[in-house]
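Engineer: Here are the chains, one letter per residue:
2 protein chains.
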Amino acid sequence: MLFNIFQKDFYNGIQIVEKAVSSKSTMTILTGIYIEAILDKGIHLIANNLEIGIEYWLDAEIKEEGAIVLPAVQLTNIIRELPAADVLFKADMEHFNVNINCLNSEFNIKGFEADEFPQLPEIKGSYSLKVPSLNYKEMIDEVKFATSNDQTQPALTGGLMSINDNSINLVTTNTYRLAFSKINNTSSIDQNINVILPGNTLNELSHLIDNDNNNSEDLTMLISENYIRFNFNDIVFISRLIEGKFPNYQQVLPDSSNTKVKIDRTEFSKAVKRVSLIARHDTNVVTLIINQNWMDIKSNKSDIGNAHETIEIELEGDTQKIDVDANYLMDVLKVLKEDTIVIELIGSLNPLTIKKQINGDYIYLIMPVRPGA
Amino acid sequence: MLFNIFQKDFYNGIQIVEKAVSSKSTMTILTGIYIEAILDKGIHLIANNLEIGIEYWLDAEIKEEGAIVLPAVQLTNIIRELPAADVLFKADMEHFNVNINCLNSEFNIKGFEADEFPQLPEIKGSYSLKVPSLNYKEMIDEVKFATSNDQTQPALTGGLMSINDNSINLVTTNTYRLAFSKINNTSSIDQNINVILPGNTLNELSHLIDNDNNNSEDLTMLISENYIRFNFNDIVFISRLIEGKFPNYQQVLPDSSNTKVKIDRTEFSKAVKRVSLIARHDTNVVTLIINQNWMDIKSNKSDIGNAHETIEIELEGDTQKIDVDANYLMDVLKVLKEDTIVIELIGSLNPLTIKKQINGDYIYLIMPVRPGA
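If you're matching them up, the sequences are chains A and B in order. If you're matching positions, the first sequence starts at 1 in my numbering and goes up one per residue. If you're matching positions, the second sequence starts at 1 in my numbering and goes up one per residue.
Note that these hints are calculated values from the structure, not bench results. Heads up, some of the hints might be wrong.
[Unchecked claim] Ranges of calculated distance between the beta carbons of each label pair, as one might list FRET restraints:
1. B:Asp9 <-> A:Glu338: 30 to 36 Å
2. A:Asn203 <-> B:Asp86: 40 to 46 Å
3. B:Asp9 <-> A:Leu134: 41 to 47 Å
4. A:Leu134 <-> B:Lys260: 56 to 62 Å
5. B:Ser126 <-> A:Ala85: 45 to 51 Å
6. B:Pro83 <-> A:Leu134: 43 to 49 Å
7. A:Asp234 <-> B:Gln292: 46 to 52 Å
[What the hints assert, rightly or not] Cross-link-like lysine-lysine pairs, in silico, DSSO-like; alpha carbons within 27 Å at most:
8. A:Lys298 <-> B:Lys19
9. B:Lys260 <-> B:Lys356
10. A:Lys270 <-> B:Lys90
11. B:Lys8 <-> A:Lys334
12. B:Lys110 <-> A:Lys301
13. A:Lys24 <-> A:Lys41
14. B:Lys110 <-> A:Lys298
15. B:Lys355 <-> B:Lys273
16. B:Lys8 <-> A:Lys273
17. B:Lys270 <-> A:Lys90
18. A:Lys273 <-> B:Lys356
19. A:Lys301 <-> B:Lys90
20. A:Lys24 <-> B:Lys273
21. A:Lys8 <-> A:Lys41
22. B:Lys8 <-> B:Lys19
23. B:Lys19 <-> B:Lys41
24. A:Lys130 <-> A:Lys356
25. B:Lys273 <-> A:Lys8
26. A:Lys90 <-> B:Lys260
27. B:Lys110 <-> B:Lys41
28. A:Lys273 <-> B:Lys110
29. A:Lys270 <-> B:Lys130
30. A:Lys270 <-> A:Lys356
31. A:Lys270 <-> A:Lys301
32. B:Lys130 <-> B:Lys273
Note that the structure is a prediction, hence the values are computed from the model and not measured. By construction, the Cβ of each residue, glycine as well, lies at the ideal position given by its N, Cα and C atoms.
For reference, chain A alone in the conformation it holds in the complex (with noise of 0.2 Å):
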């Protein structure tokens, strides 16, 4: 096995599948990065830590084919560290010893047996869809952050993607808040799909789709019962579904409000920000007083001080009052792009929704904090 490509092209491969390896695993082949040469196609670069696979291709030039697995750490590392010049990589086929060169740098690493790198899972899907890559990346990030933690609850540590023919849903809950989002579906599907994405395969996905220069490009996922496979700018992404069942999530969300909110979203973020650094250290709990023209935002932990913020508003029916977790608020503050966003209430007692100003395809549900709580 035999090769030339450059360093920067290399290293970034490897940092492409580098997200899919294991860092604590049992089988210690997982901890490796799987390298292939193939004469007139490139290199093959896999990861696959059995939660998350991810695949890409390289061009290089090949002298020698043949496979090898090394160990990431150490071959991310060194790439890394290499000055930008040609690297000659040289594997011993039947030690499975590396020889890296690099201008005045050697650096020789043992490997692993290509054969007993488990194979990504083939999906023998069903469904095969196609979306703008940017638009999926935007969903995703409208709602990853609202996950659970709860190990005990799977299917809550990840997000429902529910496909219908008109549109692609994403979902995520920790029952104390929850994020919706949703985007046009232009394939055609003969039923409704309902599979969910761990939390962590939505967080690579997300940063995988933003490193990608070319972003302009379609998405195409392919799903079978126990995984999902996303192709991307060349690159193949693999996720196992979890089983289990996702709460039915349409029933919490509200169907009609009694009070509307118009508000400049960078700065209530700023406002919550403030007001939330003397809050109660264990909930960080802030009220908010909906008034004619102006929004109060309130919090108070006894033994430090007070804080209390104003900001205007636009108020569409009753004038209201509700605690909540400054948190969840500055979580979606943070991740909506609009400059106006809308909040809609019903009652202190029910939940807060925050909507963007112009479409209906996001919503996001902050259940309150019972006063004195």
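Fit chain B to the known structure of chain A by using the hints.
Structural biologist: Positioned in the frame of chain A, the structure of chain B alone reads:
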């Protein structure tokens, strides 16, 4: 107590004195910042953790005089997050409550009685010196990383500043390595001075001199038996001195060598970093082999592999082979600014020294690792 101050100015002052705030103190008041408003003078900020104390003066529009202590964490967070506008600071001197107003933001925080704040020690100094602050900072930076972390030998956790009629010398060592730097002394003194500055004092002084925009000014020092006071750019910085005996470092500095090597600092630094990626994990040892026109740098970790770099050098004297800690090399190569540095050797069991090519005002010494150790 009542004053008006621009948010950015107030925050800048807080950031300067904050370095001397106690993070975990049995005296709660030391976790606060002392704020005094004096007519025609401005705002006086003080923090004091009993090892370091910092005073700073700020311009402000004083309306009523007074002094109070506020918890540093809350004060810093609040002033940092306020909009860039005028801040009205009002203290109720009876109940030690402070009201902070800025545009639509209002905070009430509980403070402490100013009288309870321990005054900074008065330095009845016998010795006063003046040096250009940037030179003093450079001297600190060249040695501060080589202090010891061993709290059972307090003297080694600091730096020995020894002053004679010609020069100010600063030395640090952990007994495995030593850093020595020297600047000119133009102040006349009637006897040699030897004091040990705490490691933390060296770090914070370096930061504060750096953060300042107007570095062309002089720094003045006033030294007493137990304390040292630095004045620079409106900052007063007081530090306790470490009691104890610093080892006789002059004994250790070699007065001759068998080998002199001129080497490119950046190339050497990158090569050592790469080779150390595959070095014995516990000690991070690399082998330097000095030949006629080049240096080989090698490492070997039996279960991972090995690494080898080659760099051009200019040799004067004998060829050599020596084992050293790669971290000790990288520390100094990061700090020096010279393109070319000089390495001097006696033999594989004697210390290796690194000097600047031009002058003899800097010496860095590393004890070798015994081969096979």
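Engineer: Determine for every hint whether it applies to the structure shown.
Structural biologist: Outcome of the hint check:
1. B:Asp9 <-> A:Glu338: 30 to 36 Å: 34 Å, holds
2. A:Asn203 <-> B:Asp86: 40 to 46 Å: 42 Å, holds
3. B:Asp9 <-> A:Leu134: 41 to 47 Å: 43 Å, holds
4. A:Leu134 <-> B:Lys260: 56 to 62 Å: Distance hint for Leu134 of chain A, Lys260 of chain B holds at roughly 59 Å.
5. B:Ser126 <-> A:Ala85: 45 to 51 Å: 60 Å, violated
6. B:Pro83 <-> A:Leu134: 43 to 49 Å: Roughly 33 Å apart at Cβ, these two residues miss the hinted range, so it is violated.
7. A:Asp234 <-> B:Gln292: 46 to 52 Å: About 48 Å separates the Cβ atoms of Asp234 of chain A and Gln292 of chain B, which means 46 to 52 Å holds.
8. A:Lys298 <-> B:Lys19: Violated. Lys298 of chain A to Lys19 of chain B sits at ~31 Å, over the 27 Å cutoff.
9. B:Lys260 <-> B:Lys356: 12 Å, holds
10. A:Lys270 <-> B:Lys90: It holds: about 23 Å lies between the C-alpha atoms, which stays within 27 Å.
11. B:Lys8 <-> A:Lys334: Holds, because 24 Å separates the two Cα atoms, which is no more than 27 Å.
12. B:Lys110 <-> A:Lys301: 10 Å, holds
13. A:Lys24 <-> A:Lys41: 32 Å, violated
14. B:Lys110 <-> A:Lys298: 17 Å, holds
15. B:Lys355 <-> B:Lys273: Distance ~20 Å between Lys355 of chain B and Lys273 of chain B Cα, so the pair holds.
16. B:Lys8 <-> A:Lys273: 18 Å, holds
17. B:Lys270 <-> A:Lys90: It holds: about 23 Å lies between the C-alpha atoms, which stays within 27 Å.
18. A:Lys273 <-> B:Lys356: 50 Å, violated
19. A:Lys301 <-> B:Lys90: Between Lys301 of chain A and Lys90 of chain B the Cα gap is close to 20 Å, so the pair holds against 27 Å.
20. A:Lys24 <-> B:Lys273: 25 Å, holds
21. A:Lys8 <-> A:Lys41: Roughly 19 Å separates the two Cα atoms, so the pair holds.
22. B:Lys8 <-> B:Lys19: Cα-Cα ~18 Å, so holds.
23. B:Lys19 <-> B:Lys41: 23 Å, holds
24. A:Lys130 <-> A:Lys356: Cα-Cα ~25 Å, so holds.
25. B:Lys273 <-> A:Lys8: Satisfied, since the Cα-Cα distance of roughly 18 Å is no more than 27 Å.
26. A:Lys90 <-> B:Lys260: Roughly 37 Å separates the two Cα atoms, so the pair is violated.
27. B:Lys110 <-> B:Lys41: Holds: Lys110 of chain B and Lys41 of chain B sit about 25 Å apart, inside 27 Å.
28. A:Lys273 <-> B:Lys110: 20 Å, holds
29. A:Lys270 <-> B:Lys130: 45 Å, violated
30. A:Lys270 <-> A:Lys356: 18 Å, holds
31. A:Lys270 <-> A:Lys301: Judged against 27 Å, a Cα distance of about 19 Å means the pair holds.
32. B:Lys130 <-> B:Lys273: Cα-Cα ~39 Å, so violated.
When the structure is compared with the earlier hints, violations turn up for hints 5, 6, 8, 13, 18, 26, 29, 32 and for no others.
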